[in-house]
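*Asks:* Spelled out from the first residue to the last, the chains are:
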Amino acid sequence: MDSLPDRFDPWPPGVQPVVPTPGYPGTFTHSPAEAPIRRPAGRGQFTGPLDLDRKLPCDEMNLATPNPGRPAIGQLIHIAGRILDEDGRPVRGAVVELWQANAAGRYFHPNDTTRDAPLDPNFIGNGRVRTDAEGGFGFFTVKPGAYPVPTKEVWWRPPHVHFSVIGPASLSRLVTQMFFPGEPLNPFDHIFMAVPEAAARQRLLATALPPAEVGAGWLGFRHDIVLRGRAATPPC
Amino acid sequence: MLKPNAPLLPTPSQTIGPFFPQTFFQAGDNDLTRVSAAAAPSTRGERILLRGVVRREGGIPCVNAILEAWQADAAGRFRHPKDPECALADPDFLGWGRAWTDAAGGYEFHTLLPGGFTDAAGPRAPHIELAVMASGLMRTLFTTVFFPDFPGPNEADPVLAAVPAARRPLLLAQPDGEAAGCRAFRFDLQLRGGAETPFFVE
Ligand SMILES: [Fe+2]
Chain V
17 MDSLPDRFDP WPPGVQPVVP TPGYPGTFTH SPAEAPIRRP AGRGQFTGPL
67 DLDRKLPCDE MNLATPNPGR PAIGQLIHIA GRILDEDGRP VRGAVVELWQ
117 ANAAGRYFHP NDTTRDAPLD PNFIGNGRVR TDAEGGFGFF TVKPGAYPVP
167 TKEVWWRPPH VHFSVIGPAS LSRLVTQMFF PGEPLNPFDH IFMAVPEAAA
217 RQRLLATALP PAEVGAGWLG FRHDIVLRGR AATPPC
Chain L
94 MLKPNAPLLP TPSQTIGPFF PQTFFQAGDN DLTRVSAAAA PSTRGERILL
144 RGVVRREGGI PCVNAILEAW QADAAGRFRH PKDPECALAD PDFLGWGRAW
194 TDAAGGYEFH TLLPGGFTDA AGPRAPHIEL AVMASGLMRT LFTTVFFPDF
244 PGPNEADPVL AAVPAARRPL LLAQPDGEAA GCRAFRFDLQ LRGGAETPFF
294 VE
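Line by line, the protein sequences are chains V and L.
Here this note's numbering is used: the first residue of the first sequence is 17, the next is one more, and so on.
Here this note's numbering is used: the first residue of the second sequence is 94, the next is one more, and so on.
No lab work stands behind these hints: they were computed from the structure.
This one's a predicted model, so the numbers in the text were calculated from it and none came from an experiment.
A hint or two may mislead.
[As the list claims (entries may be wrong)] Here are the computed distance ranges between Cβ atoms for each label pair:
| # | chain 1 | residue 1 | chain 2 | residue 2 | range |
| --- | --- | --- | --- | --- | --- |
| 1 | L | GLU139 | V | PRO226 | 56 to 62 Å |
| 2 | V | ARG23 | L | GLU139 | 30 to 36 Å |
| 3 | L | GLU248 | V | PHE44 | 35 to 41 Å |
| 4 | L | ALA130 | V | PRO226 | 38 to 44 Å |
| 5 | L | ASP269 | V | PRO137 | 51 to 57 Å |
| 6 | L | ALA130 | V | VAL230 | 33 to 39 Å |
| 7 | L | ALA258 | V | ARG238 | 35 to 41 Å |
| 8 | L | GLY270 | V | PHE204 | 33 to 39 Å |
| 9 | L | GLY121 | V | ALA248 | 53 to 59 Å |
[As the list claims (entries may be wrong)] In silico negatives: residues of chain L with every beta carbon more than 10 Å from chain V:
| # | residue |
| --- | --- |
| 10 | GLY110 |
| 11 | ALA132 |
| 12 | PHE243 |
| 13 | GLU289 |
Every residue, glycine too, gets a C-beta built ideally from N, C-alpha and C.
Okay, chain V solo, but in the shape it has when bound (with noise of 0.2 Å):
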């Protein structure tokens, strides 16, 4: 099990998103207002879970067909991409989740009641996979709506995916969003926005695939993610 990663390197600068976050009242009472206490990585770091399949159950890919032949309402879309290390390394056995709105930007959350965009009866909008051995994951889906935040500032959040990842290691725990490529909301958006670095905003951004390359079903989307960790001594 040499693959797995027991090096954790700062955070390089100009990616992780800024705190508090400007337009985002909530980072404002919930961001620590004291600096974190660095701190050497330890054992207690680089492990973490290894066989959460059995205690989460990994097996809910299709959120665009739950009902069989009740097709949920919207732009039906793939997500595929594959969940990486620093290393470039395929992290297999990892736990991907992912949630988000319905075609109309409503969320199936007991929460989401600021306005009455519909519920889809056949949308729920969540699954969970553990990648392949080589680090693949895929979910059938809707593309989600735009919908606005409640706050007195008018914003609207683009439509986005919410991903969480559950690596090999506890400091390789990621969770993120997925943006759709060239939408008018994303620049306006103080979520995506948060992230300094333009390079660091487009690896938040899926890649369109060609038409022809997926066929006639659906629309295709290619997206990676890369957790934190890379081998302290790089197999040669």
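Given chain V, work out where chain L with the ligand should sit, using these hints.
*Replies:* Showing chain L with the ligand alone in chain V's frame:
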């Protein structure tokens, strides 16, 4: 195509937001002593309850925050190849759990009192690693829970030593009576302001 070992930059963190699916949670997700919902709990150690409240600025309870716990077994071993004693680790102990806070900001984990171990940083006192995710948090927060049972090892712990002395008590769980026949410990988290919980970065 990616070559092996081509250096890549990590994907930025984003907030978990307010809508992490409640349907992702199942009973027992906050029980570190079971490797699956159907498995019998490990009995190799002292069963304890870890509970507390997550608050934001102004002491207001943080509803719907997600906490994930990770710890060594009662003998101080991780069932993971990066632990040199991996093969001896308790096979019935998962060491991982997930909880989310209720309307009062409360959470709880069922686990075993962890054991200490020695790694490259030095002798580590028994502890539980916690990751905190919530709406309003753009980065996952990492903190560590220590126990009042081990004053000597706590004194020698290199990570606790990195925390300014005045803030170290904030990382000690407090005895909180008994629950279902086992000792309970309280560990409250203050995300911002006041007696702010120390958080770590590597
Ligand atoms: Fe969202």
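*Asks:* All hints, please: hold or fail.
*Replies:* Hint-by-hint comparison with the structure:
1. GLU139/L - PRO226/V: 56 to 62 Å: For PRO226/V against GLU139/L, whose Cβ atoms are near 59 Å apart, the range 56 to 62 Å holds.
2. ARG23/V - GLU139/L: 30 to 36 Å: 34 Å Cβ-Cβ, so the 30 to 36 Å window holds.
3. GLU248/L - PHE44/V: 35 to 41 Å: Holds, since GLU248/L and PHE44/V (Cβ atoms, about 37 Å apart) stay within the stated range.
4. ALA130/L - PRO226/V: 38 to 44 Å: At 43 Å between Cβs, range holds.
5. ASP269/L - PRO137/V: 51 to 57 Å: Violated, at about 44 Å.
6. ALA130/L - VAL230/V: 33 to 39 Å: holds, 37 Å
7. ALA258/L - ARG238/V: 35 to 41 Å: For ALA258/L and ARG238/V the Cβ distance comes to about 50 Å; the hint is violated.
8. GLY270/L - PHE204/V: 33 to 39 Å: violated, 51 Å
9. GLY121/L - ALA248/V: 53 to 59 Å: violated, 35 Å
10. GLY110: violated, 6 Å
11. ALA132: The assertion about ALA132/L is violated, with a minimum of 8 Å to chain V.
12. PHE243: The claim holds: PHE243/L sits with its nearest Cβ about 16 Å from chain V, beyond 10 Å.
13. GLU289: violated, 5 Å
Violation of the numbered hints given earlier is confined to hints 5, 7, 8, 9, 10, 11, 13; the remaining hints are satisfied by the structure.
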